[in-house]
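Chemist: With the sequences and hints as input, model every part of the structure.
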Amino acid sequence: MSDVVLEAKGLVKHFPITQGIVFKSKVGAVRAVDGVDLHLRRGETLGVVGESGCGKSTLAKLLVGLETPTSGSINVRGEDMVRLKGAALRRARRNIQMVLQDPYTSLNPRMTVGDIIGEPFQIHPEVVPKNGRQRAVQDLLDTVGLNPDHINRYPHQFSGGQRQRIGIARALALKPEIIVCDEPVSALDVSIQAQVINLLERLQNEFGLSYIFIAHDLSVVRHISDRVAVMYLGKVIETGHDHAIYDQPTHPYTQALLSAVPVPDPRLRGHRDQIVLEGDVPSPANPPSGCRFRTRCWKATQLCAEQEPLLQVRERSPHPSACHYAEIRDVVHRR
Amino acid sequence: MDVLPGIDPRAPLLEVSDLHVEFRTQYGVAKAINGANFWLSAGETLAILGESGCGKSVTAQAIMGILDTPPGYVTQGQIKYRGVDLLKLSENERRKVRANRIAMIFQDALSALNPVYTVGFQLGEVFRKHRGMSRSAAKQRAIELLDQVKIPAARTRVDDYPHQFSGGMRQRVMIAMALALDPEVLIADEPTTALDVTVQAQIMGLLADLQRERNMGLILITHDMGVVADVADRISVMYAGRVVEEAPVYDIYSRPAHPYTRALLESIPRLDMKGQQLSVIRGLPPVLTDVPKGCAFNPRCAYARDACRQDPAPPVYQVSQQPHRTARCHFFREVIGE
Ligand SMILES: Nc1ncnc2c1ncn2[C@@H]1O[C@H](COP(=O)(O)OP(=O)(O)OP(=O)(O)O)[C@@H](O)[C@H]1O
Ligand SMILES: Nc1ncnc2c1ncn2[C@@H]1O[C@H](COP(=O)(O)OP(=O)(O)O)[C@@H](O)[C@H]1O
Ligand code: SF4
Ligand code: SF4
Ligand SMILES: [Mg+2]
Ligand SMILES: [Mg+2]
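In the order they appear, the protein sequences are chains B and U.
Add 12 to a position in the first sequence, counting from 1, and you land on the number used in our numbering.
Add 677 to a position in the second sequence, counting from 1, and you land on the number used in our numbering.
Hints listed in this document are in silico derivations from the structure and should not be mistaken for laboratory results.
Careful, some of the hints might be misleading.
[As the list claims (entries may be wrong)] On the chain B side, residues computed to face chain U include the following (Cβ under 8 Å):
no., residue
1, Ile33
2, Ser203
3, Leu230
4, Val232
5, Asp254
C-beta atoms are modelled at their ideal positions from N, C-alpha and C, and glycine is treated no differently.
Modeler: Spelled out as structure tokens, the structure:
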């Protein structure tokens, strides 16, 4: 599969929990990402969903090199990002950029828009010669639908949606093939959200970009993604094409998650399968044995406590699902 | 409970008419609410829907009498609770209404709770202050309330501090606190926006149960059109400080009468199908110190024509009588007809 641009294998990130101030001793670990495999093809969007704290942002930071994995590998175009060093690593990093959630805090308020978007050129001076940078930044502003004459303005002079466009322009500066978007539209109003989603889709077509698109809004993820990975407590528990995940989910957690999402159509009221989960997500420092979802799962048996279900295609799950008893149940449409 | 003079039990539970609120700041006067109208009956859920800055929270604050004054002032209009105009009451009477009749929960439950007191103490305080209960009786009531909002093991959790509770549990505590004195109206301002969907589903279910048991009027303030479709009886859509459309929930989703409502519905992605490209509402909502002449929505409206760019702003047109529907759009017939 030569069109795979990104492949992660056995990705793990544990944050040590320490005690003591002077002599810190390690007393445990937050298992934020705990064995994730994924791949991304050229021009494709992989959506990543899951509840707060399940490890989405940590996964994103690992993929773009902002965190170092505890173990595992990340291949971008055949190069192992975890083992690369120095100039070779810097060059490879150009290929994978990130857009962050909060358009209000992720941009430095004291830098002009031109400096913000042009900053990657200073870190990677070989990409655009010095005298061409202003032009390049103006082209980028134009590409994301902002006025190129506003190059000397500051972030506070822009609205939330416009700031998110600035973040996208900056991510595009080094002409990456892959962009990791961590909740890129979550802070925006619906009318502005649609503008940014359409922009991301247009840029993807124009430049053949591949996206990892992280969000907790499952409707937005369905709209933009070709494939989806559902995370729970640091692991991917189900993955497949958007149709498989939304119309034929087989993992109880995916089913519970989807059933909780309200659909903007009052005629469906009371006509969808409702699954109300009890209790809270367990601490990622001390996940349950066997299946991590078993403390909240209505189907759990002794087997679930003893044996960890692997993420794989199963007799009753045509796409990979990490449940011993995986089985299709539609919770999204009219019963 | 003190009796309010002039209370008419047959009058509508809550009726807001022609409400105007402005903020007098150093940059000028921001007209946050420019004539908002709606009413609420017992047992009913009214959703106030709109994007950030359209005036949802300010409306709620005006009803509660907790506007930030200065700079905020109600400059016109009426807020009638069972026939009594709350805006004409003394601050002392207002406080009693706030405690006993109309209560509110906020988006950010953590900052609304005091971190240095236990959850049980803060809940019990409501009963000690307003009902003159003893410490032990108040604690007993606090446990009952925590139980009613489905906090597991309420008897032991009552002595915990807010930070020991998850986000969803803190919002349950806020609901318990709001309901402590059996209000007839509950205003919930984005009560689940900060929560995960599975927790949101729990909280919305809890609110619906409590509302049914108590026949409470619920004003649900939100920007989430999914949540509204799930729980509301009627909807008021706000834009730039006005209610631009008001209708029963089924009617508004199937046949919106205002171009803004229609555009909002078309711009949201759906969970139950893979949609086409999203349609967008061009431009941005207006700055409140500089609202466009005529209809405030005109620079973004696909239906706009000359009449829309001239003052006065569109009045409240009656779209239909049965069911009762209104819209502030000169061309609502064209919009609803399509
Ligand atoms: N630097 C860190 N040190 C210790 N623990 C961390 C660190 N960063 C993240 N964690 C923990 O790792 C887990 C996963 O966090 P992460 O930010 O990846 O979640 P998320 O899925 O992005 O959540 P959200 O939806 O709230 O953004 C959480 O329990 C979090 O508290
Ligand atoms: N204390 C305040 N001082 C000045 N302006 C305010 C204040 N509170 C709210 N506003 C303005 O009033 C408008 C409506 O705000 P709000 O009701 O909070 O909107 P939302 O619909 O998002 O709840 C906004 O333009 C906001 O900036
Ligand atoms: S493996 Fe067992 S506990 Fe885990 S999701 Fe499946 S049935 Fe539930
Ligand atoms: S009055 Fe005119 S501008 Fe306003 S919503 Fe109606 S058609 Fe659009
Ligand atoms: Mg995150
Ligand atoms: Mg608000």
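Chemist: It remains to establish, for every hint, whether it holds in the given structure.
Modeler: Consistency of the hints with the structure:
| no. | hint | verdict |
| --- | --- | --- |
| 1 | Ile33 | 21 Å, violated |
| 2 | Ser203 | 4 Å, holds |
| 3 | Leu230 | 6 Å, holds |
| 4 | Val232 | 5 Å, holds |
| 5 | Asp254 | 6 Å, holds |
Taken one by one, the earlier hints fail for this structure only at number 1.
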